[in-house]
Amino acid sequence: MTDHAIRKVERRPAVLGSWATGLYAIWLREVKRAIRDRGQLIGGVVRPLLYVLIMGIGLNPYFRGEIYGEVRFVVPYTYVQFLFPAVIALNIMYTSVQSAVSVIWDREFGFLREVLVSPMPRVAILTGKILGGTTVAMFHGALVLALARFADLPLTLADLATGLSLMFLLAFALTALGVVIANRIRSFEGFGVFSNVVILPLYFLSSSIFPLDPSLTSAQSRVIYPEWLVTLIQINPLTYAIDSLRGAFIHFHQFDWWLGPAVMISMAVAFFLVAWHDFRRV
Amino acid sequence: MIAASKPAVEIDHISKRYGRTLALDDVAFDVPRGTVFALLGPNGAGKTTLLHILCTILAPDSGTARIDGIDVRKDPLGARRSLGVVFQEPSLDDRLTVEENLEFHGMVYGVAKPVRRARIAEMLKLVELEKWRGTLARALSSGMKRRLEIARALIHDSRILFLDEPTAGLDAQSRERMWQYLRNAREERELTAIVTTHYIEEVESCDRVCIIDRGRILADDAPAALKARHGHERLRVVARDEATRAEVLAAYPDIAAAQGEEIVLRGGGDAFTESFLTRFGTRIRRLSIEEPSLESVFLSLTGRELRDQAAGARERTYEFGKRGGEHTR
Numbered sequence: 001m002t003d004h005a006i007r008k009v010e011r012r013p014a015v016l017g018s019w020a021t022g023l024y025a026i027w028l029r030e031v032k033r034a035i036r037d038r039g040q041l042i043g044g045v046v047r048p049l050l051y052v053l054i055m056g057i058g059l060n061p062y063f064r065g066e067i068y069g070e071v072r073f074v075v076p077y078t079y080v081q082f083l084f085p086a087v088i089a090l091n092i093m094y095t096s097v098q099s100a101v102s103v104i105w106d107r108e109f110g111f112l113r114e115v116l117v118s119p120m121p122r123v124a125i126l127t128g129k130i131l132g133g134t135t136v137a138m139f140h141g142a143l144v145l146a147l148a149r150f151a152d153l154p155l156t157l158a159d160l161a162t163g164l165s166l167m168f169l170l171a172f173a174l175t176a177l178g179v180v181i182a183n184r185i186r187s188f189e190g191f192g193v194f195s196n197v198v199i200l201p202l203y204f205l206s207s208s209i210f211p212l213d214p215s216l217t218s219a220q221s222r223v224i225y226p227e228w229l230v231t232l233i234q235i236n237p238l239t240y241a242i243d244s245l246r247g248a249f250i251h252f253h254q255f256d257w258w259l260g261p262a263v264m265i266s267m268a269v270a271f272f273l274v275a276w277h278d279f280r281r282v
Numbered sequence: 001m002i003a004a005s006k007p008a009v010e011i012d013h014i015s016k017r018y019g020r021t022l023a024l025d026d027v028a029f030d031v032p033r034g035t036v037f038a039l040l041g042p043n044g045a046g047k048t049t050l051l052h053i054l055c056t057i058l059a060p061d062s063g064t065a066r067i068d069g070i071d072v073r074k075d076p077l078g079a080r081r082s083l084g085v086v087f088q089e090p091s092l093d094d095r096l097t098v099e100e101n102l103e104f105h106g107m108v109y110g111v112a113k114p115v116r117r118a119r120i121a122e123m124l125k126l127v128e129l130e131k132w133r134g135t136l137a138r139a140l141s142s143g144m145k146r147r148l149e150i151a152r153a154l155i156h157d158s159r160i161l162f163l164d165e166p167t168a169g170l171d172a173q174s175r176e177r178m179w180q181y182l183r184n185a186r187e188e189r190e191l192t193a194i195v196t197t198h199y200i201e202e203v204e205s206c207d208r209v210c211i212i213d214r215g216r217i218l219a220d221d222a223p224a225a226l227k228a229r230h231g232h233e234r235l236r237v238v239a240r241d242e243a244t245r246a247e248v249l250a251a252y253p254d255i256a257a258a259q260g261e262e263i264v265l266r267g268g269g270d271a272f273t274e275s276f277l278t279r280f281g282t283r284i285r286r287l288s289i290e291e292p293s294l295e296s297v298f299l300s301l302t303g304r305e306l307r308d309q310a311a312g313a314r315e316r317t318y319e320f321g322k323r324g325g326e327h328t329r
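Taken in sequence, the protein lines are chains A and B.
Going by my numbering, the first residue of the first sequence is number 1, and it counts up by one from there.
Going by my numbering, the first residue of the second sequence is number 1, and it counts up by one from there.
The hints are simulated quantities; they were obtained by calculation from the structure and are not laboratory data.
As the structure is a prediction and not an experimental result, all values here were calculated from the model.
For glycine and all other residues, C-beta sits at the position ideal for the given N, C-alpha and C.
Warning: the hint list may mix true and false statements.
Stated by the list, open to error - From the structure, some residues in chain A lie toward chain B, with a derived Cβ separation under 7 angstroms:
#1 Ser18
#2 Arg33
#3 Ile35
#4 Arg36
Model the full assembly from the supplied sequences, consistent with the hints where possible.
As structure tokens, this is what we get:
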């Protein structure tokens, strides 16, 4: 191609197609970076191993009540099965927040600025960034699925399809939340703060590692949770997200089935709008 | 080309205030097409603020700027299409390779794939990084990173290039090469480059120099013209004996100063040199004529030397990242 021809092609006006290319570039960059980050990958593999194989299998025998010699499960599932969908959510949460941290570094080290002076509109930049983070988070969530057979979880294709769409919703909402947090953080103290202040409290307060409704069996009904704990769990949106994942993978719901998707869709829309609003001022 | 006669960049009475500090005070100048234009000033003079306004990531309080005839406030996306930027802080993605960084930039700027491929090859050749195309950006030296950033800024065929302190932190050899690439790029494509710097010796070879301090433009001209107008020529004389030395000092009490065994005579010009030589020519051991430097121009315009600054919060965060920070690069 001659230089003249090159210039001619290049000078054509911006169209939606070129925005799509730019969005794809930003998405691709997120994914490539994540693949090259060994530390993140190791975390994504080790976390489910710890939770499912050690905590899940270890607590499995204690997750049932015994009435007059009759062994009954607290919920009609084993503990590993109960815990399994929550571990998927945990992995998604870690990865989404890590992509938020990458927003901070992009901002501090000028890479974001390099994108901001490009002719791409802000909303396309933001969407590319969030979709990239979502993809990586989905991938980390899917890593957990590899352990399904250890959790004695028969996965049908239909379950898998429902589960993956719910995982996408959750990953998108959490990545958007991550960007919102990142936009508001001025001094960065490292990822440890995030994991201890955001991820773990949300996770433990989401009925992830213990069922909320103690009246499921008569043995369990004698144990009454303190009210503050129940309240915190009920106002935590992650509770409903994990509940819907449970619905998809083990067909067990503690709440109405539509609550989970509804909460996740509202989170995704709300956080995206807030992130967009913030992003226009950057 | 129709627009050839128009200036590449027009800046019209731009002011910007940060709280109580006036970062830019009614700045106005044009940058003609095809020039290498230097913005010279100490840290905090307002150079970066001005550059950020020109590349549309900061809005001025008042005034307008046009890039290639496009108003940066009315059509920022359009203005961005014609400009390339090399920021003060490195802005490469360390975890992508040299080629991927260029590819990413081309995609974000909407450059069609075959054109992108051709340009990447061309630019890698221009900055001599062909051998490194598959290397991760983090493995490059700081000089190579700078060169890659210049190549990147040219991928979308930008005709106007902004470089904010492109040579800061580089060793002398890399700095020289950086300027060489910039000059090559200008030869090959009618490029206009606007460079901020606080290295005074680097701007000697620029076409125009604009001296900025405390948000105000103090002078804007070719280096030679600036030196002629604001600089001073100096004669350095070593007398043959003590008597002559005393006589010279006595003859020019206003402009002569003793510096060790040398006498420095300020001011002058050819006529002065001639008259000096007629009178003392046979009684001096050595005489040298010091051309006026931009350093002296800067000194006489601002009343001080270019100063440096302590590391700010951003530099410290940057150091944290460099040390390996968590989940960073």
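To see whether the hints hold, each was checked on the structure:
Look at Ser18(A): its Cβ gets to within about 3 angstroms of chain B, closer than 7 angstroms, so that hint holds up. Interface hint status for Arg33(A): upheld, as the beta-carbon distance to the closest one in chain B is roughly 5 angstroms, under 7 angstroms. For Ile35(A), the interface hint is violated, since its Cβ never comes within 7 angstroms of a Cβ in chain B; the closest pair sits about 9 angstroms apart. A distance limit of 7 angstroms between C-beta atoms decides the matter here; for Arg36(A) the minimum to chain B is near 5 angstroms, and the interface restraint holds.
Hint compliance for this structure: hint 3 alone is broken.
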